[in-house]
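Peer 1: Assemble the complex: chain A is given as a structure, and chains B and C must be docked to it using the hints.
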Amino acid sequence: MSKPIVATASLAGCFGCHMSILDIDERILTLIDLVEFNKSPIDDIKKFTKMCDIGIIEGGCCNSENVENLRAFRKNCKILISCGECAIMGGLPAMRNGIPVKECLEEAYLKSPTVDDTIIPNDDELPMILDRVYPLHEIVKIDYYLPGCPPRADLIWEALVALLNNKPLSLPYEVVKFD
Amino acid sequence: MSELQFTIDGKDCKAKSGQTIVEAARENGIYIPTLCNFQGMKPAGTCRICTVKVAGRYQAACTTPAAPGMIVESNTPEIEDMRKAIVEMLFVEGNHMCPTCEKSGNCELQALGYRYTMLAPRFPYLWPVREVDAHAPKIYLDRNRCVQCLRCVRGIVTGDGKHVFALSQRGNKVGIDIDAQLAAGLSEDQAKKAMDQCPVGAILRKEIGFAVPIGRRKYDGKPIGSEV
Amino acid sequence: MGTNITAVVTGVVDAYKKDRSRLLDIVRDVQAQLGCVNDEAAAQIAASMNVSRVDVDGVVTFYHFFSKTPVGKYSVYLNNSVTAQMNGRAAVAKSFTDLAGCQFGQTTADGLIGLFDTSCIGMNDQEPAALINGVVFTRLNADKVKSIVGDMKAGKKVEDMVRDHGDGANQSALVKSMVNNNIQRKGPVIFAPFESGKALKAAVAKSPDDVIEELKVSNIRGRGGAGFPTGMKWEFCRKAQGAKHYVVCNADEGEPGTFKDRVILTEAPALLFEGMAIGGYAVGASEGVLYLRAEYMYLRKYLEDVLDGLRKKSVLGANAGGKSGFNFDIKIQMGAGAYICGEESALIESAEGKRGEPRNRPPFPVQNGYMGYPTTVNNVETYCAAARIVLEGGKWFKSMGTAQSAGTKLVSVSGDCRKPGVYEIEFGTTVQTLLELVDGRTARAVQVGGPSGTCVGKKDFGRRICYDDLATGGSIIIIGPNRDLLEVVHNFMEFFVEESCGWCAPCRAGNQLLLHKLEKIMHGHGTEGDLKELESWCKIVKSMSRCGLGQTSPNPIATTLQNFREVYEAKIRKGADYDTEFDLLASVQESCRVAGRIPNIHEEH
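Protein sequences appear in the order of chains A, B and C. Using the working numbering, read the first sequence as starting at 1 and increasing by one per residue. Using the working numbering, read the second sequence as starting at 1 and increasing by one per residue. Using the working numbering, read the third sequence as starting at 1 and increasing by one per residue.
Next comes chain A alone, as it looks inside the complex (with noise of 0.2 Å):
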């Protein structure tokens, strides 16, 4: 029989929420031996290559290739879960949210104190800056979401291997928090 195959990305994250799942400790080596990742940065593999079960999204979208990215997921995965506060509510790049999207880039690029270039990057081949950072479920539909900054290792784990055995997600108090 087939392992269940699992996709993960970091969009307008950290990379924080992918090292929590490391995080799982020895559980790790269970975990490989439980499922085939794809499309991942744990594996490197950069384009799907089939169709998955689980999509494990970190960060939410902030740029046109986020979006892109997203979508590709939504495409690929049956069951796509928006994973840490960036990507349930856009976390930290969404403090940006209140700021008109001149004046951030105009920030960045034109009056740092130590930028020495004197335009805002325009080459065609550059994600696009949204007008402001979205969650997730604003794009595409969502499945299930762990929350966390980064959501704890154990979350990541008992919903995983419940997701795998088909049994319903439990969430203790403990595990469940934003920060």
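Think of the hints as simulated: they come from the structure by calculation, not from any bench. One or more of the hints may lead you astray.
Derived contacts from chain A toward chain C, CB cut-off under 8 Å, selection only [as the list claims (entries may be wrong)]:
#1 I45
#2 T49
#3 K102
#4 L105
#5 D131
#6 I139
Label-pair distances were calculated between CB atoms; the ranges are [claimed, not checked]:
#7 C/K419 / B/S17: 51 to 61 Å
#8 C/G322 / B/K16: 49 to 59 Å
#9 C/K574 / A/K78: 48 to 58 Å
#10 A/Y173 / C/S21: 45 to 55 Å
#11 C/K419 / B/V132: 50 to 60 Å
#12 B/G225 / C/G187: 52 to 62 Å
#13 B/K173 / C/K146: 45 to 55 Å
#14 C/K532 / A/K46: 33 to 43 Å
In this text the structure is predicted, and so the values were computed from the model without any measurement. Beta carbons: idealized from backbone N, C-alpha and C, even for Gly.
Peer 2: This is chains B and C only, laid out in the frame that chain A set:
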């Protein structure tokens, strides 16, 4: 003071006359969630999280006195879901960045989020633009985190009875305003009181913070209301 | 500038004897002289009244007609009610912005003209209408706007810009307004002939308890819409302990589409004031307060004059109505623009010079009302009816209407009908009968009771207008066959978002979220799930909100979802389990513009 009897979710309760449903429930070992309510302050009834059903009508338990023979419904799936909805509304109508907030772990709004296992709010985030006011020498006011509970308005008053904090604007623009002149004169005790009374991280004492490590904060291990 | 502010503030504050309860009047008068109440003026008001600056600012920023920034030498407040929109408001607004040279919400650079949206000003039968420095301009069109803006630029006095006058007392020297009464149907209670002084005489001939008994016999219930039995209210108030008692008249009709109180105030003020005096006699009050909405400021001088006349006739004043020892007088307290002040406890707060936020209950106003004293707050029409009941008897009144809804009701009819205006109808009249009266037979929907009421369709036109079926405080808006119903609902929801006081979370946040969801559906991105959520959110806001505003504000959505579900169904994406308003191309526009690049979205949808 005379004593009266009433029930909450079928449980017989006693109350002193004049006591609100919230107070009486607490004394009878029943937790009704609250946010704007603060012991010793006149109830404001702003958050509505303590809403209960009495004789078919929804009422805030913090502003409604217990009455003889009153039949109160509190812990029903319908009411609990509506309470959760309000917690979610408060999250989306402000800018609550828990990971950046030094009140995290001790925040009553967050604690209610935990208690209701809020994973993602059912409502879309509204991202209001709100200003931070750091003029006062001892405290700063971060309106992004404010839930308009009015504890500061009610609790922080000068010796001659003037409000240091007050509501400004109306509707979705409503927000707490701070009187710069009066705030400049806040004593150490008043500044600390302002911070301690704020259920969220909207009023914080300057120059101190993150005193308690993660894991040992008020709501890290036990849900809000578990003391009742 | 500073010295001028000091002089103005000192003068105004002293004129009101530094009375905290007159803060609304103080702010209004300071603004009239300075053009706004900026930080400095607010700070000076605060200092001279010994309150904190934030308390003054709290009041200034709460009310629609107060401003911290200059509102212009001529401030134009153009009504944005749905009826105004039906009658060409968009074109009128465009004329104003084109000719004045500023957008709505702004003041021209030279400070001459300010343009502002405003909630229903009580002119729904003669829209589009605007207030300019308190003077009413009705039935606006592009030509009229042209001449108005021309007059403003020429520095003409606003009063002189009014060319034609309306009917009845609108022509009187103290009103001189272009407003029309449009009384389409007179009935036996409000607009029947009335001999001033007679009702009060009849009342004081009885004991206060007997007056209350007569009201109880009549079965009259509050005309504002909530329908609390008036006799019972007066009895509670009379029995409540207090050094004094107050009678307050709620003349803050703010429900979009209602204007019948405006017509009573214009055509039957003596009946109203006599009703208040009877109320005063019944509850044991010596003072009455008429809380008059700011939109009706143009009637103030006229009403003051009527009060003077009544004092001269001893209907008011010492030994009122000839009753030795019964002293009763009435003062007028102006509002400042806030729908919520139609809620009785918010009205009391406002009349005390505070932000118009409803109070928590208990205690009720009848126990602890205006200035902390037992107070009965009643609608304009209720006092008029009370006076008539004293004259004609409770049984006479009860013989009209239905068992639960005695008497007649004034309704203000506007929208898609040939004969908009005020009608006195018997309670129990069906929507269909009313539609025939007003010549609105083509109606697709009728909004009974304003936005906070019920939107009914053809299948319900047989329903009756009364408390136990379709309740209304007076607003009836006819919606014709070609109207986009969701646009109507949207207008109503924007109104509630604007007019929520912001005190309680479910109303403050919930109405915005309802509006948000409605827009998602209107934009074609709704799903079946969204409709279910919309329904459930309506229930949450209705159940959890503190006062009548939030408890009824979801009604535009809730009642159309119930009665016109097909309108929503037609907008949603059937079968879709998810949709979003997110638009990648739109969301990168601004950053691309700033960076100087062309958006290149290269993914298939």
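Peer 1: Evaluate each hint against the coordinates.
Peer 2: Here is how each hint holds up against the structure:
1. I45: violated (20 Å)
2. T49: violated (19 Å)
3. K102: Hint holds; A/K102 Cβ to chain C Cβ min 5 Å, cut 8 Å.
4. L105: holds (5 Å)
5. D131: holds (5 Å)
6. I139: Holds. Min distance 5 Å.
7. C/K419 / B/S17: 51 to 61 Å: holds (57 Å)
8. C/G322 / B/K16: 49 to 59 Å: Roughly 50 Å apart at Cβ, these two residues keep to the hinted range, so it holds.
9. C/K574 / A/K78: 48 to 58 Å: violated (23 Å)
10. A/Y173 / C/S21: 45 to 55 Å: Taking Cβ atoms as reference, A/Y173 and C/S21 lie about 50 Å apart, which means the hint holds.
11. C/K419 / B/V132: 50 to 60 Å: holds (56 Å)
12. B/G225 / C/G187: 52 to 62 Å: holds (57 Å)
13. B/K173 / C/K146: 45 to 55 Å: The hinted range 45 to 55 Å is violated for B/K173 and C/K146, with Cβ atoms some 34 Å apart.
14. C/K532 / A/K46: 33 to 43 Å: holds (40 Å)
When held up to the earlier numbered hints, the structure conflicts with 1, 2, 9 and 13 and fits the remainder.
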